[in-house]
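**Q** What follows is each chain in one-letter form.
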Amino acid sequence: MYFGVQYYPEQWPESRWPIDAAMMQRAGVNTVRMGEFAWSAYEPREGQIDFRWMDRAIQLLNEHGIRVIMCTCSRTPPPWVFKKYPGVANTRFDGHVNRYGQRYTVGLAHPEFIALAERIDRAVIEHFAGHPGIIGWQVDNEVGGFNDCYCERCLRTFQDYLRDKYGTVERLNQSWGEHFWSFHFSDFDEVPLPANNPQLGLEYRRFMSHLNVAFTRWRSELIHQLDPGKFVTTNFQSFTIKHTDYFKMAEVIDLPGMNHYPPRSPELILDYYRGAKGKMIVLEQLSRLAFCDTGEGWMRLWAYRALAHGACGTIFFRWRTARYGQEQHADGILPHAGQENRRYRELARMGAELKTMGERIDATHVEARVALLMGYESRWAMEAGLDLPDMQGHLDVIRFHEDLLRKNVTTDALDPHGDLSHYQLVIAPRLWLVDEGIAANLRAFVERGGVLCLTAASGVVDEFNKSFDTPRPGPLAEIAGVEISDLSPLEKPVRLSSAVLPALEGAQATVMADEMHPTTAKVLARYASGWRKGLPVLTENRWHGGRVFYLGTVLEGAALSALVGYLLRVAGVQPVLETPPGVRAYQRVGEAERLLFLINENEEPRSLVLPEGWRDAFTGMPVEVVEIGGVDVRILSQSDFQVQ
Amino acid sequence: MYFGVQYYPEQWPESRWPIDAAMMQRAGVNTVRMGEFAWSAYEPREGQIDFRWMDRAIQLLNEHGIRVIMCTCSRTPPPWVFKKYPGVANTRFDGHVNRYGQRYTVGLAHPEFIALAERIDRAVIEHFAGHPGIIGWQVDNEVGGFNDCYCERCLRTFQDYLRDKYGTVERLNQSWGEHFWSFHFSDFDEVPLPANNPQLGLEYRRFMSHLNVAFTRWRSELIHQLDPGKFVTTNFQSFTIKHTDYFKMAEVIDLPGMNHYPPRSPELILDYYRGAKGKMIVLEQLSRLAFCDTGEGWMRLWAYRALAHGACGTIFFRWRTARYGQEQHADGILPHAGQENRRYRELARMGAELKTMGERIDATHVEARVALLMGYESRWAMEAGLDLPDMQGHLDVIRFHEDLLRKNVTTDALDPHGDLSHYQLVIAPRLWLVDEGIAANLRAFVERGGVLCLTAASGVVDEFNKSFDTPRPGPLAEIAGVEISDLSPLEKPVRLSSAVLPALEGAQATVMADEMHPTTAKVLARYASGWRKGLPVLTENRWHGGRVFYLGTVLEGAALSALVGYLLRVAGVQPVLETPPGVRAYQRVGEAERLLFLINENEEPRSLVLPEGWRDAFTGMPVEVVEIGGVDVRILSQSDFQVQ
Amino acid sequence: MYFGVQYYPEQWPESRWPIDAAMMQRAGVNTVRMGEFAWSAYEPREGQIDFRWMDRAIQLLNEHGIRVIMCTCSRTPPPWVFKKYPGVANTRFDGHVNRYGQRYTVGLAHPEFIALAERIDRAVIEHFAGHPGIIGWQVDNEVGGFNDCYCERCLRTFQDYLRDKYGTVERLNQSWGEHFWSFHFSDFDEVPLPANNPQLGLEYRRFMSHLNVAFTRWRSELIHQLDPGKFVTTNFQSFTIKHTDYFKMAEVIDLPGMNHYPPRSPELILDYYRGAKGKMIVLEQLSRLAFCDTGEGWMRLWAYRALAHGACGTIFFRWRTARYGQEQHADGILPHAGQENRRYRELARMGAELKTMGERIDATHVEARVALLMGYESRWAMEAGLDLPDMQGHLDVIRFHEDLLRKNVTTDALDPHGDLSHYQLVIAPRLWLVDEGIAANLRAFVERGGVLCLTAASGVVDEFNKSFDTPRPGPLAEIAGVEISDLSPLEKPVRLSSAVLPALEGAQATVMADEMHPTTAKVLARYASGWRKGLPVLTENRWHGGRVFYLGTVLEGAALSALVGYLLRVAGVQPVLETPPGVRAYQRVGEAERLLFLINENEEPRSLVLPEGWRDAFTGMPVEVVEIGGVDVRILSQSDFQVQ
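Protein chains in written order, with this note's numbering: chain G, 1 to 644; chain B, 1 to 644; chain V, 1 to 644.
Where hints are given, some of them may not hold.
What the hints assert, rightly or not - Below, a list of computed lysine-lysine pairs in the DSS-like style, where the Cα atoms sit at most 27 Å apart: (1) 248/B <-> 277/B; (2) 84/V <-> 165/B; (3) 230/B <-> 355/B; (4) 83/G <-> 165/V; (5) 165/B <-> 83/V; (6) 165/G <-> 84/B; (7) 84/V <-> 230/V; (8) 277/V <-> 84/G; (9) 165/G <-> 83/B; (10) 242/G <-> 277/G; (11) 248/G <-> 230/G; (12) 165/G <-> 248/G; (13) 279/B <-> 242/B; (14) 279/B <-> 248/B; (15) 277/V <-> 230/V.
In case anyone wonders, no lab produced these hints; they're calculated from the structure.
Bound-form chain G, shown alone:
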């Protein structure tokens, strides 16, 4: 279990380092992450590289029993780079070249940047490779956003990428569709930067994602070559649509890492970032993020939430609040003045707990029978084609995930190309883009007897973001047993009626409505008001061994909960436990024991009666009625059990 903090020795007097190391050790810290913004400290003037200060910092930390995750640092160059090589800067969508003064303002495809970045990152990797106090590597920081570039040089690189991908311009024209608003190319060099064409928009986004993955791959491969045996990670960022396809980036690293900033980001991302590889580390855990008001206990609670979702470590951002710079008034365990405070005491409490529990947690993992599907390409395609904030697909994914959380149902969140062989229930909300791989994956899942639930606005476009010329949901129409002719927004909610699911009687459809025409599916619920009265809204289709549900709208609250409950019953999936409101139960399973994390998000204590067989994980004493303090966590253990 990696437990620790980000540390920036280059920002503090060396005389302070021993105090910091001793305080960390006292708090149970065993790991620090360092170096992701240290280029200026390694090389304050061009060519004068000096790693000795970092060597001393590592040495000191190691002496206090603390291991290091070392970062590469090239995406945040020092001022001399921008002064001497202005071509490194990237250009925003609006055509403005980013003015230096921030981090990450470089174009990953710019030759000047590539040369300088590979030089410094190679120097860092060569220097620190083989150091026994370094246990793993992080490729830079938050790779995946920020480096988008819309300059003429990147346009030419993009045109080359299109040449490689499409071969002939005729194939590109056919793939994207011809002559809408005279959009048709006689040569690849006529393709412009994206404005708002949906096909070009998606492809350029893919190209930007590709550059980020390639940047990460180059460093990952070099680390594996020069420092074999160390893991490579990088931190996936907060959950917004513009980022790189982390499903693809996970393929080029060993251990997906992430920022974990609740409540700014939904709990979903813990399952989603773990999903890609089945494992995950939190590389930036909120201490007190960007000026929010966090009372006692929440910092520890949120860190345990990540562990409960499968994290193998938690690194708090950051050891001490910066005295200057853009994050000067946020982010840090210690305050500016460096004295102990309540956050330090909270850190130390968790550190002490993990001395007992760390290895035991590491020996377990998350096991789910339900998968939620969400792909970056669907989100990009929708944004490029129909940028309506309320309709964004991930909102529905979050809704389903929150309902599953309230029910304490362990869930994986995956890319729709992911391996579905372990699941009984797969929910794929708003699967806007369906390529051949996705269609085949879902068909195979249903064929094997799986229960699949699709929702409104699925199967709309192909891999090029072109609408299907067969009725929606396109290649999924057969397994869904329904054809859809139109998608409309719902300007106000519409009431539903259902004999099969009485809880849907009177419930409200919101946001949007598919106009559904069942072919082989049976209707489970219909609209009960407005001009849609009597039209189907929820269908079920038996196909081969499985069943496919299609929800032609958006449900919320109790209505959504009823649907999810029905799907779980049909698929035969059980929750971990039933808990009172505001208390969540999570389970990790290992060979020797399984662990139950009970997290109470209420400000007041809660108690609940446990099934037989659970013991306090720390004391080993049997527990029948467990009491959990306000904003607190209890961990229980069971060694005699059967996997569901």
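Starting from the known structure of chain G, fit chains B and V onto it as the hints suggest.
**A** Relative to the frame of chain G, chains B and V by itself:
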């Protein structure tokens, strides 16, 4: 009666065309509009022009009894134009050159564009001239907006335009006013692009409008020369302030065309775009515009609304929803997959009805005794000088128009330079700019015995957007019998009092207040609260044979309705009919019969008792009590009548 | 007493001037301000300078008993300057060069501008120096905002300024902090334009302020050299954060001037702009600013408000509303048409009153025992480091000031470096930045026995905008007797509890909370709910002869009023008088008499019983019960009194 759709054969496989043509024919379509974005399909590489595919499409449609309105297409060039001739692109107000990737991103005054555009448009006109299956021409698409340009070359063209118009720089200085913030020119070449100077702002807007009209005139004249006998139209756009002066553009075409996108645009534009020439065609009728939720019946209802207002045709946008491109997720009768749907059935229903009614409707026209005045120059001048959204003049025009609609009073909407000889009542809300022509036109109307109503903020500026140095309403002060010293916003509503119009007692003045000083007018209503208590708010002045009312504020709802009712009584104007709420009655009058359109906008049926003499227009049976279904239309006829 | 208007003879026909001068004289006008935008009128073509028209205007006004404040005019050049010397234009933060067409769009450090501006301003000063009809000078108009520039040339000038200030780049690195996001310089020429780094951001703002002060100093010194004996003023602008440090600018002029635009600006600025020098003139008094609705009486009331706060004159903006240009529809006493109106009559009423009272008011001044502190650097530092609109320090200053106004307590508002020797109570809300001078100033004040109140988020950063590495409030921690470890926003209000101040029981803390740890201070109030329950929120510390209160949050309304009342009692400060709601009492004190201004902001009359000794200032009759009309002012006098 032109009844049909926009069709884009270049966006679909040729094998699909016969299916489309047959489906259209079955739905009663007799007209399609084609070609406005087809430059890339005609000339995919520079110089390789091929019209044969369009010849085949016309041929096929003609064989199904469908005629063609052919468009010119140069404002949306293909990518090779932007690649090889980057100078065609226009520059936005913020100084950014438009990046290619949209439509209309060209500067109409740029020499490269002029050369390329005249070449392709001439080629199109020469090729299709004389084709018997083509009944008329549309100049490009939505000419009037979008092409504004703020580049240095256009600035020089503008300076030349100023030289032509003003002759000497002294005259320009005097016309615009001298030395405010040191604004004073020693040479035309010092005039800058507009920032926020009101005089410069208005003149630049006029210049942009002038370029749009000139673009249209060149094509209209060429068509008349090469294809005599065919009508020329173009589609006026949605109702925003930035567009070209369509009153001037109407002078260079034969038949004003328009986009009709309710509920996004007010019903007013049907009267206003007809107003310019007394006739009008709807070239883009909403089928399901840009992602809105439209239930059964509304598509047909809105199309009939346009016919009731005098349209000679309705062309739905578009036959089938695009599978790609910027309008991929909106706009189309058929869905992406191309199968029949409820919108197709609605189209076919109307098509069948127009087989009976089309020619009879064409034999009638709209006759109004009331005119609402609104000029582009007033709106531009106000925007350039006092850009307060709540005060924009067209808002008051819409308020008056909606009240007249609710009263079923047939109304023309005209430019204030328009011919007023046919009217009994003229309402000119917020006539901000009054040039000599407008002043003379209104004086003559009143002199002839007309009833004129002016409202707050009228007669403020002259043709150069300079405030009058005589009391407002400037050249109208004499006929209004009132002088105004100040215009203020009303931060909250103020109550009124009136002995003459009891319905105004307690009503509220909103938005703004003129400080009125009657000279010869008598006061009809006064303010009843606040510091304005006792000051006049509504006056009436008898002048020669006529009367002039001046409302010094904004009225809404019942108060406005009371004023309008009073004006109608004074002017002796009758409504078409009285109808229940949500039911509108419109009349078109011909030599053989007059037609009554009853449009029920309620979701439920309504019935009403008719005066004697009306018969069902389809069956010829007399009707005493007419029932109109929810979201439905009834047409009645009367052949024995006298024009009001 | 300077009483008058801005006048722009260059914008009106010379034939009108005699009418204007006669109307002014009739209204009691004794002073006009002229010439701040007159460059184009002096020099319509390069090199052809002609001041004769202005000579004639001065002559005419003088003949009507009206004196002139003459302005320099170089920040608003005529078009030929921008055409021939485009380098004068400044560049906005977003990198766009300002397009000509507005005022003030020049870079004060640009060599072309400096040469042209010094030439015309020197010519103006040389020409008008010594004119007996000119009583003083105004340096340009609204110097302090608008001229910020972010071009490469200004960057180099800024780098030179840094070289001068810091000497070595090492010192700059240490002052600003090193290596955050690789921010560290190996040479001054690597320092970029500001993006969002707090240290760079503050220093660039200081540099911009420095340029504005230098611009003003150059002109002020030249005037003093060429026209000795005349006062130099300039008008400080509306109250926003971006402006120049007027405390520094006041040092280079004789008489601080200001724009006074209630209700857009808070009453605070009257005390704050007077504060710098203890005297002040209103150079732009609202007549009817930018399209607001102002009823009878307010114009005069607001002008008296400024006099009550210590102004030595009031110049209304502007004589007659412009017929053209950007301010065409606002700002003016006479309407466009130039006839007498109610604002003219209001002006004349006040003119008549000041004939009696002007010199007597001039013989008095404002005397305060309470000072409110607010510094530009604190506001800039906070904005550069933590740009949260709700937390901006001046909001709290305004809250305290409004409460003191409601209590009729005379207050000075000062820069925190100001002389505090006259005060009993000093309130320093949100003193974010504390440099050594400020710390010493406050320590000395408390040492002398003063009562000081600090509020949340004070003592956070040093002069370089770097957070202190000792507990907050940093250098004030000792006198406050409290240490603060964290600053958090309050997402919702938190209830308080206090035995000492019962009025705080149940009151609400809002906006933010300091986490307070008293060292020597005693706790006066604590939080009573949420996770902060029991933590201190208000402390009092006795230090040497004085007392320091620290309020760790934001209070509003009755809670703030209770705290202010307590502070006044502790400090022994008395109000001028107690008045009914909406009536304010202000006092000016002279050797011969003291004057009491009673201003009734209610629309209805109010009366109050006065203490003995007051007489009507106009009639000299004793007054016991004074009646003040709605939106009206009464002035009372007392000649037999003792200064408090």
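**Q** Looking back at the numbered hints, which does the structure fail to meet, lowest number first?
**A** Going through the list in order, the structure violates hints 7, 8 and respects the others.
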